[in-house]
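2 protein chains.
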Amino acid sequence: MDAAEFRRRGKEMVDLIADYLENIEQRPVYPDVEPGYLRSLIPEEAPEEPETYEDVVKDIERVIMPGVTHWHSPYFYAYFPTANSFPAMLADMLSGAIGCIGFSWAASPACTELETVMMDWLGKMLKLPEDFIAGTHGQGGGVIQGTASEATLVALLAARSRAVRMILASDPQRPETDITSKLVAYSSDQAHCSVERAGMIAGVRMKKIPTEQSDKYAVQGETLRRMIQEDKAAGLIPFYVRTEHIHPLLQYTLYVSVLLVLHICIFVSGNAEKIWMHIDAAYAGSSFICPEFRPLLNGIEFADSFNFNPHKWLLVNFDCSTMWVRKRSDLIGAFKMDPLYLKHDHQESGRYFDITFSCYSQSIRFRSLKMWFVFRMYGLKGLQDYIRKHVELAKEFESLVRADQRFEISADVVLGLVCFRLKGSNEVNETLLKRINNGRKIHLVPCQLSGQFVLRFAVCARTTESRHIREAWRLITQLAEEVMQELPN
Amino acid sequence: MDAAEFRRRGKEMVDLIADYLENIEQRPVYPDVEPGYLRSLIPEEAPEEPETYEDVVKDIERVIMPGVTHWHSPYFYAYFPTANSFPAMLADMLSGAIGCIGFSWAASPACTELETVMMDWLGKMLKLPEDFIAGTHGQGGGVIQGTASEATLVALLAARSRAVRMILASDPQRPETDITSKLVAYSSDQAHCSVERAGMIAGVRMKKIPTEQSDKYAVQGETLRRMIQEDKAAGLIPFYVRTEHIHPLLQYTLYVSVLLVLHICIFVSGNAEKIWMHIDAAYAGSSFICPEFRPLLNGIEFADSFNFNPHKWLLVNFDCSTMWVRKRSDLIGAFKMDPLYLKHDHQESGRYFDITFSCYSQSIRFRSLKMWFVFRMYGLKGLQDYIRKHVELAKEFESLVRADQRFEISADVVLGLVCFRLKGSNEVNETLLKRINNGRKIHLVPCQLSGQFVLRFAVCARTTESRHIREAWRLITQLAEEVMQELPN
Chain D
1 MDAAEFRRRG KEMVDLIADY LENIEQRPVY PDVEPGYLRS LIPEEAPEEP ETYEDVVKDI
61 ERVIMPGVTH WHSPYFYAYF PTANSFPAML ADMLSGAIGC IGFSWAASPA CTELETVMMD
121 WLGKMLKLPE DFIAGTHGQG GGVIQGTASE ATLVALLAAR SRAVRMILAS DPQRPETDIT
181 SKLVAYSSDQ AHCSVERAGM IAGVRMKKIP TEQSDKYAVQ GETLRRMIQE DKAAGLIPFY
241 VRTEHIHPLL QYTLYVSVLL VLHICIFVSG NAEKIWMHID AAYAGSSFIC PEFRPLLNGI
301 EFADSFNFNP HKWLLVNFDC STMWVRKRSD LIGAFKMDPL YLKHDHQESG RYFDITFSCY
361 SQSIRFRSLK MWFVFRMYGL KGLQDYIRKH VELAKEFESL VRADQRFEIS ADVVLGLVCF
421 RLKGSNEVNE TLLKRINNGR KIHLVPCQLS GQFVLRFAVC ARTTESRHIR EAWRLITQLA
481 EEVMQELPN
Chain E
1 MDAAEFRRRG KEMVDLIADY LENIEQRPVY PDVEPGYLRS LIPEEAPEEP ETYEDVVKDI
61 ERVIMPGVTH WHSPYFYAYF PTANSFPAML ADMLSGAIGC IGFSWAASPA CTELETVMMD
121 WLGKMLKLPE DFIAGTHGQG GGVIQGTASE ATLVALLAAR SRAVRMILAS DPQRPETDIT
181 SKLVAYSSDQ AHCSVERAGM IAGVRMKKIP TEQSDKYAVQ GETLRRMIQE DKAAGLIPFY
241 VRTEHIHPLL QYTLYVSVLL VLHICIFVSG NAEKIWMHID AAYAGSSFIC PEFRPLLNGI
301 EFADSFNFNP HKWLLVNFDC STMWVRKRSD LIGAFKMDPL YLKHDHQESG RYFDITFSCY
361 SQSIRFRSLK MWFVFRMYGL KGLQDYIRKH VELAKEFESL VRADQRFEIS ADVVLGLVCF
421 RLKGSNEVNE TLLKRINNGR KIHLVPCQLS GQFVLRFAVC ARTTESRHIR EAWRLITQLA
481 EEVMQELPN
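Going down the list, the protein sequences come from chains D and E. Using UniProt numbering, the letters of the first sequence map in sequence onto residues 1 to 489. Using UniProt numbering, the letters of the second sequence map in sequence onto residues 1 to 489.
Source of the hints: derived by calculation from the structure; they are not laboratory data. One or more of the hints may lead you astray.
Identical copies carry no separate label here, and so any pair may be met within one copy or between two of them.
To be verified - Calculated cross-link-like contacts (lysine-lysine; reagent style PhoX-like; alpha-carbon spacing at most 25 Å):
#, residue 1, residue 2
1, K327, K274
2, K208, K232
3, K381, K58
4, K274, K389
5, K182, K207
6, K58, K207
7, K182, K274
8, K389, K327
9, K208, K389
10, K441, K124
11, K11, K58
12, K434, K423
13, K208, K434
Remember, predicted model here, so these are calculated numbers, not experimental data.
One chain only, chain D, in its complex shape (with noise of 0.2 Å):
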């Protein structure tokens, strides 16, 4: 395929990509299908002669459609939301096209300096402390990371570098791996199984930090204290704390993360053993933006880093998460390594953020380009208005739950997601969930919440109105009549 071929064909995509957004609520949210249904549907080998671009785009429908998840029809209500908007995806393009890979800053100037000020721009929008901002002499600053579970090991590891660093300037003799095999982690039990991940691979004791129903699932400073008290009096070496503003798919550690927060932060700040504290807000993130939902990261003046996913809520398409530290030598030095065929004259210049040494994967797609186009087709104005304007349908979706005798709200609603289910065992949500999914109008996923079974309900496509939520309502209501009068009497 030539550029003049691209031309048209890139055309008739673009016309493609814009029917399918706008029919997409006409499709089965949820597919039809059993695993392996799609290798029974194309040959087994490559072609060894080449096919027509006709004969590719009609098997989109034929092959790939069947088994979507569509996660940006308006009927989408599981997991949580993923970005998707028209400015992110043109952005995607022209990201392909100049297609350079972000390794080092003379690989492509442009792409690492305008992740640092998006990083900056971003940073202003949530009304982050200074230091976290990298200006043209902060010490701090902000990059992308592929997901928030990348954020919470990189953060790991360079507060396990920077344990060790610490503990050899007071001990030089001492061997690294006596100190590494002593070194905790702590995480509320209530967190996302990608930090237990990440402490696996670090090789770090990753300690889960108990939680009750009676505190709403809150880590108690408390009991946190205590453990630690005990660690170190069993020669251990406490290091990090990871907190989350909001669990990604449990919105009721919303509250968690406040007390949370707030509690270590006295504590913290109160004792010598710099114990890096990592703040992961993934989806809840995006709110911050907004006056009446800041507070709610209130105590990030004690983080040593700080994450959201911007390609959760933010109108950023996929993959966006965004990772601020206080200190950039502090990332720096848990990766830092000097080839000499990454060196170039600028290597030591401090004006920009050096991607090679901030996160895992080394090689980087130009992905600020979709930040600077979202950013400025939607002003801070537009963005603001959308993340309310989720949080305005979560509550109206509560408000009929509410309104209904035979079901219950299971935690607060505050950002976009409600948890509720029917009054009655735990067999009959499960019942009525699989009902509603084998239906493929709407889809949801569960959560459990203390030995209960809960549905989760997140308001997640860019397109959703008013209008879905109440027929979301009118079908589930639907099923749940239809199970409950299937229920022996």
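The hints should help you fit chain E onto chain D, whose structure is shown.
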């Protein structure tokens, strides 16, 4: 921006992209900017109110392009190729629109399944041993990772986990930290810096196997055998060998790999330790689709995992680093977590390779669409032609160098990269390279071979033709003349 405006702007963007790529060789390939150039060109904060698309798009030439290193210019000969093809860009547009997050089969079955099948297609193109093909009943298979660095880390983690399991099986009381503190991994002293980084992250000893110029920097099986014996005698646990088919930035190691693989295979297959062997052919791997280059992969029969980057040389835009394992369960063992919110009815079907359990990020884009479009629209033959053309161009450049008495070839030319230098001091070669890059007409980076400063000439862009090679050589010889005339007699 609504769908109607996207139809218009998207088509403009398609033309912008086609214009950019059709006229790219008229741009200086390497930018003439100082660090920090970009910050002063744009506001310090995001706008409050939305801007128009025209405002944004006109800043592409004003703000971005002056700072871009044009990797797809036919005058770009630096680093290594990175893929850029129209079919891949079209597929990426579609991937952005579908915008699903493939973290489990249920999150979008087509995303998981197409990836498994495309990895089979590609594995068959490479004639990988049957064990690496998933098929409908295989135990092995492939997944897409973001970069070769990630694949190296993932393989190391899987190896670590397998080694720990094996030792615990015979000695259940042994503390895990004791085992990991004694694990040793091995890698050539010519290896990419990401290998050392992977060892650092996983918290295991990574030992460099010394190589000699007289062996063409090939790791000698005997050297490795001795190291392993000594380490075992010292109570350590050898568990992982990483070998590479070609250093991504240094052609020279191509021969390393060939010898290395054969030596190590004989060694590994003859011992009972079950040392994990990971082969990384980040750049060279694409060439193995040609029968004449496939012998370079001999030895793969003994490997546990294999990785290369179609996003380098196989026309699939970044990111697409393909990794196969002989046993999917080894990867799953290294990562598996099972929270309720990721459970679905088809959890253990074994008919696909669940992505959540096989890479670090957990969330991924629909990257296999790019492979599908590229493989079908080029066909195997078209891809082979593409590889062969680049190899031919490298040979053409080599013969130009060899015909000039002032220059020498520094390493055998096998694929698309030529290492060469002026006969003379390192200083004169450094000066030459600086002049070349300051001219901004062509772009090269250096490497070091046995203390010699060497220029690398990599055939990179899809559109590079013989005339570009000859023009590059004309420029190089012209600048060499200047540099040599300035030398003190």
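The hints, checked one at a time:
no.	hint	in the structure
1	K327 with K274	within (14 Å within a copy, 42 Å between copies)
2	K208 with K232	within (16 Å within a copy, 36 Å between copies)
3	K381 with K58	between (40 Å within a copy, 23 Å between copies)
4	K274 with K389	neither (40 Å within a copy, 57 Å between copies)
5	K182 with K207	both (12 Å within a copy, 23 Å between copies)
6	K58 with K207	neither (51 Å within a copy, 52 Å between copies)
7	K182 with K274	within (16 Å within a copy, 29 Å between copies)
8	K389 with K327	neither (35 Å within a copy, 47 Å between copies)
9	K208 with K389	neither (35 Å within a copy, 56 Å between copies)
10	K441 with K124	neither (40 Å within a copy, 39 Å between copies)
11	K11 with K58	both (16 Å within a copy, 21 Å between copies)
12	K434 with K423	within (17 Å within a copy, 74 Å between copies)
13	K208 with K434	neither (32 Å within a copy, 54 Å between copies)
In this structure, the earlier hints numbered 4, 6, 8, 9, 10, 13 are contradicted, and the remaining ones agree with it.
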